[in-house]
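Chemist: Chain residues, written in single-letter form:
There are 2 protein chains.
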Amino acid sequence: MITGKNYIGNQLSAKGSKTYKTFNPQLNSENKHVFTEATTVEIQEALSLATSAYKKFKDVSGQDKAEFLNAIADEILTLDDALIKAYCEESGLPEGRAKGERGRTVFQLHMFADLVKEGSWVEACIDTAVQNREPAPKPDLRKMLIPLGPVVVFGASNFPLAYSTAGGDTAAALAAGCPVIVKSHPMHAGTGELVASAIIKAAEKTGMPNGVFSNLNSSGIEVGSQLVKHPQVKAVGFTGSIKGGRALYDLASQRNEPIPVFAEMGSINPVIILPEALKVRLESIAKTYASSITLGTGQFCTNPGLILGIKGESLDKFIKNLSDEILKIEPTCMLHSNIAHAFEKNKSKALSESKVQVAANYDSDVPANYAKQTIATVNGQVFLENPTLHHEVFGPYSIVVQCDNEVQLKDIISKLEGQLTGTMIAEESETSKYSEVISALQNRVGRLIYNGVPTGVEVCPSMTHGGPYPASTDSRFTAVGIHSIKRWVRPFSYQDWPNSMLPNALKNENPLKITRLINNKQTKGSL
Amino acid sequence: MITGKNYIGNQLSAKGSKTYKTFNPQLNSENKHVFTEATTVEIQEALSLATSAYKKFKDVSGQDKAEFLNAIADEILTLDDALIKAYCEESGLPEGRAKGERGRTVFQLHMFADLVKEGSWVEACIDTAVQNREPAPKPDLRKMLIPLGPVVVFGASNFPLAYSTAGGDTAAALAAGCPVIVKSHPMHAGTGELVASAIIKAAEKTGMPNGVFSNLNSSGIEVGSQLVKHPQVKAVGFTGSIKGGRALYDLASQRNEPIPVFAEMGSINPVIILPEALKVRLESIAKTYASSITLGTGQFCTNPGLILGIKGESLDKFIKNLSDEILKIEPTCMLHSNIAHAFEKNKSKALSESKVQVAANYDSDVPANYAKQTIATVNGQVFLENPTLHHEVFGPYSIVVQCDNEVQLKDIISKLEGQLTGTMIAEESETSKYSEVISALQNRVGRLIYNGVPTGVEVCPSMTHGGPYPASTDSRFTAVGIHSIKRWVRPFSYQDWPNSMLPNALKNENPLKITRLINNKQTKGSL
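Chains as they are written, first to last, in full-length UniProt numbering: chain A, 1 to 527; chain B, 1 to 527.
Incorrect hints may appear among the rest.
If several chains are the same, the list does not tell them apart, and a pair holds so long as it fits within one copy or across any two.
[To be verified] In silico DSSO-like links for lysine-lysine, alpha-carbon gap of 27 Å or less:
(1) 433 to 55
(2) 372 to 317
(3) 328 to 85
(4) 15 to 415
(5) 513 to 243
(6) 138 to 117
(7) 85 to 243
(8) 58 to 486
(9) 345 to 201
(10) 410 to 56
(11) 320 to 21
Rather than coming from a laboratory, the hints here were simulated on the basis of the structure.
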């Protein structure tokens, strides 16, 4: 049941007077539930609880954390139709998508449960003492990863489940041993509260300390900025716009004690289509990309917003095909009227830039908050010289850039801002001619895709979801996959520490049976 | 031979008009060589070379990078007496220390050479495709660590070799595949130039691209801030004061494209001495700590500047013993007259704080720039309430805090700023009583030491040299050991990339024979 209250640890709380409602973009009207924004007092309560929970939670065994994470997954599934209904009402997304995203969320929780249950993720290292070393004895040193402390998570508007309340950031932080305070996304506060209730139930059932999780409502920026500036917060996870992510990064880096912010932000995900590929399979590429550009109403951070080719007949024909294909697709609803308005505004701005041409623009009437998909074109030189065209237009929009030659193509790639992904559509025979373009593209992105589409972020150890700024605030981490846990941990060493006082991961007898680096050799053995 | 010029890649260059000299603190006079500060033009040249070198260097094989790193070590040894002489003249440190530090520097270079030659450090991951997966096929994804780009390194005043020009930051960055621009430390510009010449010779001998290394002279802050603000710089390494490190961190985080700064800064390295340990071995603890506090004239970032005990007869006796022992030690020279003056000033400030008592203060005459070692004492409540006493006094100084009980001890520990190390001097029988103190201490430090001294930073995989701010700007990394390479790399994924175009680390046939995570299993096998 949605109460509209905050979860301050295990307790529902609504001390404030500021309220707001969520919005159903399909009905173009507000939803019924009233949410009460968290107050400064409630923020402090949540943080005090998180800080005290941390003292216990950091030492909870991998086995017990796994039970907690698996229980969250179970409780989310138990919410059943109530969750799917809230999700659809608050996002305008279809039921199939809701269920798919729930599946991904549950999968991620189980994935982290498996990771911490197995236990080797702590990267345990042991270097044993050498008493008779000259000129000084070598001490016994042992290292492992430990959690940073309370983490604040800001969920994404476009993924109410998989990148929000119990999404990747939260799952990774809890797996690491960090209590989490979620700043609930105002567009899906009801979905968020339901998921928060699942986490709280799971925490209670598995005996986790009160304060291991809190969920704070907020429709503005005040709650979020109070959280990020608070001395008891030790790290921040964010998924959203460049403006939002940068604001949080700036607040965090201006603190007396700066803290890490991992913000996954915007991207236009350049796609390079090489001439031979167009010759061989123009139609299928056009069809695939028409679908990728409009998938989820173009509201993916990996949406292909920029397509680059070498100008000529083939590219002209491709633009025509892509335009025809994309206009066949039925428009769909955006997440919120604000997002639909921003799409129209940003698209109009791009299209009004000098020498930008419209190749396709869906022009039949659509219901309120539905997005009209659009393809623009521009020549290479114009694109190179106009940074406005490099900005993301969040929605079903892509611009095709007609480059003079591979030199200009390379030049454009080199001057792009950092991106989550870069894609090459090519025949293998032609790639060697473009090795410098590929090298330049690698320098600007977190993931390179060959003959595919950037949409679809596989959850697996080999995924990098991140990239050079502004794709993320720190390219050294990924937001997706088991290694995303590294955002929330730090290495910690014990020198000459008695075996009985060491954490299990570092004890001589290796009670957890994990893989460790002992005197520079990987082993599951004991000492 | 010391020329006083900058190395802009392979070329010596001195276009500027601003010059300076280094200082011999033992002789209390300037050294003869004149150093020319790098100009804006030279900075740009170094960065253009580094950027173009990066394009080649990032793909240089581990085998070839290992040869380069080993050649640097060889060339440093070839400098022989000239290097030791310059080191001693510019630091006032004795020849034995110079040779020891040279050994450490050479060891670190060989360590990184071994690491990249073996190759598994790139953390290669492969998740193979599943074509028939529902609802969508699973792509082939492969991930590895790749270098960030040009790195700027600011060396430490107190380690002219091991934490400077070819020190840990530089060795790790070169091993990662990042070109390095060193902002030479003005106190040891001659030592720096000699080491730079060794790096350049090694780069030429092993065929590394010009620009893989540059060395820029600077006596002020201008060159450093230009470098950190420059768009072609992708990361920064720094070892030094909180003020200096924080200034660079602020510059880097205010850039349009923020970049990571790993600054290892100050620390007072709390040492907790428990009552039973004092009963059993008071004299040896006092003797050991008198030596640790004065080691290297107290100019180590791991110097024990804060000793905490429970008040009483044993602690009084310990203070007396420690004072007697430390006064037996012959004063030694500080690195520079500026540092000697700062020590006197900071020490006087601490001693003049209310209710701080002097337990020992070396009061015989000493040569210029020699430091008079000092032990102060204060009670727990006063220390708790006076943040000035929590600041580092860089030099042979330590304050002993007499706590009322373990509750106050824990309270003090909890309120300390982040530290590189924390030490427990204890008998095993008494540690269980102090488990909350230990937990609080862990929360504030990067390394816990049992019955030892914090001075001495072992170079091995299990070392964490770093810690919560302000011990470092990012506690998620270490400055020492093989894992310090992680500061300069980012994960990068290839999706459905043709095997022939993949880097060797990710090819099916595993030509490098490295350990990889293939479908979630560690293996040295091929696909």
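Chemist: Run every hint past the structure and note whether it holds.
Modeler: Going through the hints against the structure:
Taking CA atoms no more than 27 Å apart as the test, residue 433 paired with residue 55 passes between copies only; the shortest distance there is 17 Å, against 57 Å inside one copy. In this assembly of identical chains, the alpha carbons of residue 372 and residue 317 lie at most 27 Å apart only when taken from the same copy (22 Å versus 82 Å across copies). For the identical chains of this complex, residue 328 and residue 85 are neighbours neither inside a copy (29 Å) nor across copies (78 Å), given an alpha-carbon limit of 27 Å. Proximity of residue 15 to residue 415 under the C-alpha cut-off of 27 Å is found in neither arrangement, the shortest distances being 50 Å within a copy and 31 Å between copies.
For a Cα distance limit of 27 Å, the shortest separation of residue 513 from residue 243 qualifies neither inside one copy, at 45 Å, nor across copies, at 44 Å. Taking identical chains as interchangeable, the C-alpha atoms of residue 138 and residue 117 lie at most 27 Å apart only when they sit on different chains, with a minimum of 25 Å there against 33 Å within one chain. For a Cα distance limit of 27 Å, the shortest separation of residue 85 from residue 243 qualifies neither inside one copy, at 31 Å, nor across copies, at 54 Å. Taking the shortest alpha-carbon separations for residue 58 and residue 486, both the intra-copy value of 15 Å and the inter-copy value of 24 Å come in at or below 27 Å.
When the C-alpha separation of residue 345 and residue 201 is checked against a cutoff of 27 Å, the pair qualifies neither within a copy, at 43 Å, nor between copies, at 58 Å. Taking identical chains as interchangeable, the C-alpha atoms of residue 410 and residue 56 lie at most 27 Å apart only when they sit on different chains, with a minimum of 16 Å there against 53 Å within one chain. In this assembly of identical chains, residue 320 and residue 21 lie within 27 Å of each other by CA distance neither inside one copy nor across copies; the values are 43 Å within and 69 Å between.
Hints 3, 4, 5, 7, 9 and 11, counting from the list given before, are not met by this structure.
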